[in-house]
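Assembly of the complex is requested from the two constituent chains, each provided in isolation within its own frame, with the hints serving as guidance.
As they're listed, the protein sequences go chains A and B.
Take the first sequence: its position 109, counting from 1, is numbered 109 in our numbering, and each next residue is one higher.
Take any residue in the second sequence, count from 1 to its spot, add 1000: that is its number in our numbering.
Hints are supplied without guarantee of correctness; some may be wrong.
Examples of chain A residues lying across from chain B (beta carbon under 7 Å, computed) [what the hints assert, rightly or not]: (1) Val7; (2) Tyr8; (3) Leu132.
Because the hints were derived from the structure by calculation, they are not lab data.
Ideal Cβ placement from N, Cα and C applies to all residues, glycine included.
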Amino acid sequence: MDKPEFVYVTYIASTPEAIWKAITQPEITGKYWYNVNVSESGWRPGTRWEHRDPAKDGPLRLVGKVVESDPPRRLVLTWAFPQDENDEAKQTRVTFDIEPFRGVVKLTVTHDRLEPDSDMLRGITHGWPIVLAGLKSMLETGKPLPKLW
Amino acid sequence: MDVDADKVFKALADPTRRSLLDALRARNGQTLGELCAGLNMTRQAVTQHLKLLEEANLIATVRRGREKLHYLNPVPIHEIATRWISKFERRRLDALRDLKRKLEGERDG
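One chain only, chain B, in its complex shape (with noise of 0.2 Å):
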């Protein structure tokens, strides 16, 4: 599965859901009311924000017992950091590999 890099955009084009993220990084693995009491919003509104960023994989949750804790995942960013990272340094090989035909083939010539 492709990291759904558009739901990681999405999820993370927001500033509530960002400072949600925050909270965690500070204290990670707290419940929804834990992370309510951080935030003038309702229940509600946090609700929904905590489900993009669980769809976006930003967030990771553990049910125990009644409570579902929440966890600050950032796999999914360094997953698309590296994909880059990669894919430049792709681009970098097949310029110095043109460049080398290029040098190669003029010295020739």
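Chain A on its own, in the form it takes in the complex (with noise of 0.2 Å):
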């Protein structure tokens, strides 16, 4: 196992079949992380899978395959750019673990094989905590948190 890069942990009051869905469905990413997660084939590994805004053929903002899904537990997913998608160098990788904790979930977000000094990377570092932040906020609460970014 290659050593993560970042590791990023919130902890939701909500159940794992929720969680999953929050971020595996369409309809529910759109709500919190302001583009949506699409998978045509219900998240099988091998198959790919799109990061894209909302509107109907609106951009195409992150791609890659699903390399391990286990609802609602642990989904693993290459992750890159679109202009990327077939430069196997470029190829990042997020680890969704999900388990029951104390009487809540404990979300865990890895996302490794970063280039240093690059565009993912920047993005991530900045986004990740503004993400898990409005997917907490959405599930316990009911409300998104605004748009802020």
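Quick look at the structure:
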């Protein structure tokens, strides 16, 4: 196993199933991420997934492959900008681990295989804390946060 | 679970703990030994500081073999910040609603 590069943790008063849906269903991701996560295959390993603007035919932001899918506990994805989709060296990796913890749920996002000083690295270090705070707020209060970026 | 804001503020209210977070910002995923080497402190004192930071969820830890790696986790700081941003938004909206009522009431009267 590679040494993880970024590990983000949030504790959410919710269920693993609700958190899984909030990551994998476009109608829910759109509410707090302001982009949608889409898989045509139901997140089957080996298939393509997309992170895109929610507007019809809106721009594609990120693209990758489903590496591992074990609902509602673990989802591993490759993660790249659309122009880097076929560049093996530019495939970063994101792992979502969802586990019950003392009556709440611990969500851990691990992002690794990042190139030093890359746009992806800069983007994710800014983005993940905001996305995860938004996810927690939406699931706990029913209200997403205002768009902050 | 609410953000345990007390724990976050308490953890941040100490220069040594902030310098531990800075050390992880500079290089994420350090072991206790690596963090101690950067600070002129005993292993025991650093362990105590890391424990408080971990309880506040400002650092996340990953076990790898016998090693425990430490990662900067800024998510709780965003949870606190966004909580107040949305509260201020709400208050601003309430103030606008009151103003609207007042003006409309005056016009009607």
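Right, here's what the structure says about each hint:
no.: 1; hint: Val7; in the structure: holds (4 Å)
no.: 2; hint: Tyr8; in the structure: holds (5 Å)
no.: 3; hint: Leu132; in the structure: holds (5 Å)
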